[in-house]
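Colleague: Sequence:
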Amino acid sequence: MRKFKLVFVPMPSISHLDPFCKFAEKLVERDKRLCVTILIIRPTPLWESSIDAYTKRISSAPEGNRIRYITLAQIEPPYSEELENYRPIVKDAIISNKSWPGTDSNPKIVGLVIDMFCTSMIDVANELDIPSYLFFTSGAAFLDEQFNPSDGDLNIAAYTHPVPSKVLPTFAFVKEGYDSFRNHGVRYKETKGILIDTVEEFESHAVNSLASDPELPPVYTVGFLLDLEAQNAKGNSKSKDEEIKKWLDQQPPSSVLFLCFGSAVELTLNDRMHDSDHRGIVKAAEIEKVIRRVMDSENSLRKRVKDMGEICRKALTEGGSSFISLGRFVETILDT
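Using the numbering used here, the first residue of the sequence shown is number 464, and each one after it goes up by one.
Honestly, the hints are just simulated from the structure, not real lab data.
Quick caveat, the model's predicted, so the values are computed rather than measured.
It is possible that some hints are incorrect.
[Stated by the list, open to error] With a cut-off of at most 25 Å between alpha-carbon atoms, the simulated PhoX-like pairs for lysine-lysine come out as follows:
| no. | residue 1 | residue 2 |
| --- | --- | --- |
| 1 | K489 | K571 |
| 2 | K561 | K466 |
| 3 | K777 | K495 |
| 4 | K554 | K655 |
| 5 | K495 | K466 |
[To be verified] Label-pair distances were calculated between CB atoms; the ranges are:
| no. | residue 1 | residue 2 | range |
| --- | --- | --- | --- |
| 6 | L535 | R776 | 31 to 37 Å |
| 7 | K466 | Q537 | 38 to 44 Å |
| 8 | H624 | P564 | 48 to 54 Å |
For each residue, glycine too, the CB sits at the ideal point set by N, CA and C.
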């Protein structure tokens, strides 16, 4: 049986590496002919130990014999956001690791899957005559902002309603940040396909906006890709995780609401929610009002949230939208 290989190049961050690894697992589970090489870029010292611990844990998974992790050599100057300096190292790693360890197999490389911030690696794919694919670890609406920037009234194609400027990322209002944001978006169009860690039904308007854009390659929704076994990025011990789960088990059914504002947001309940630049976004009282609506058992919003949660849970199971979309992607790469 002939083998086929994908090469992944994620950002050196747990929040990006984790969905890449879960996606690799889904791929090799889906088709026994597939194997995946994940190239690990050396992170800043702040994240180095957490990424080393993560790759050690994930590499012991049952799928490990068809997923391998190669840590790239450190370079000078060290890691930067643009990652352009890693192009020759990534290219050399692909060329020098064509065979699969422990076998006489030499799988055909059918794609280079790059991170949303690794668009410079498209050049590597072109030089090696390998199809490139984008794996977008954020949502479809956020991706669409890069292709369809807002006008003066902040009408963004991915959103059903106009968007207040105060909820947009701070870097969107800084020239350097905006230019980088847009430059990556322009290069996304050069890839052969866009994989998004989302569920089609969850972001139907944004997904349809992307899929209907004739300038974009095919879009595949393959989420949500969750590592339910991982410790959090702050390194909670196993006992701490168990303590949290125990507390949750002791609460009445449907009485806890989980809020996730991302890594760049601070919530002060007595004041406001702030982003990393301490720009006020939403008053705590407004957040409380929405939470109370969701927690009200008689509110229709709660039922919609519950129904959508069930759809998202089934998305990657057989017959689900992400399961079907993943199958389309596998068929595409095996036909190349």
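Colleague: Next pair to validate is K489 with K571; report whether the Cα-Cα distance is within 25 Å.
Modeller: 19 Å, holds
Colleague: Below or equal to 25 Å on CA atoms is what counts here, so check K777 against K495.
Modeller: The hint holds at about 23 Å.
Colleague: Quick one: are K466 and Q537 within 38 to 44 Å, going by C-beta?
Modeller: With Cβ atoms ~31 Å apart, the hint is violated.
Colleague: Does the structure keep K495 and K466 at a Cα separation of 25 Å or less?
Modeller: Holds. K495 to K466 sits at ~8 Å (cutoff 25 Å).
Colleague: Check the following: the C-beta atoms of L535 and R776 are separated by a distance inside 31 to 37 Å.
Modeller: 36 Å, holds
Colleague: Does the alpha-carbon distance linking K554 and K655 stay inside the 25 Å limit?
Modeller: 19 Å, holds
Colleague: Run the distance test for K561 versus K466: straight-line Cα separation, threshold 25 Å.
Modeller: 12 Å, holds
Colleague: For H624 and P564, compare the CB-CB distance with the range 48 to 54 Å and indicate the outcome.
Modeller: 52 Å, holds
The earlier numbered hint that this structure contradicts is number 7, and it is the only one.
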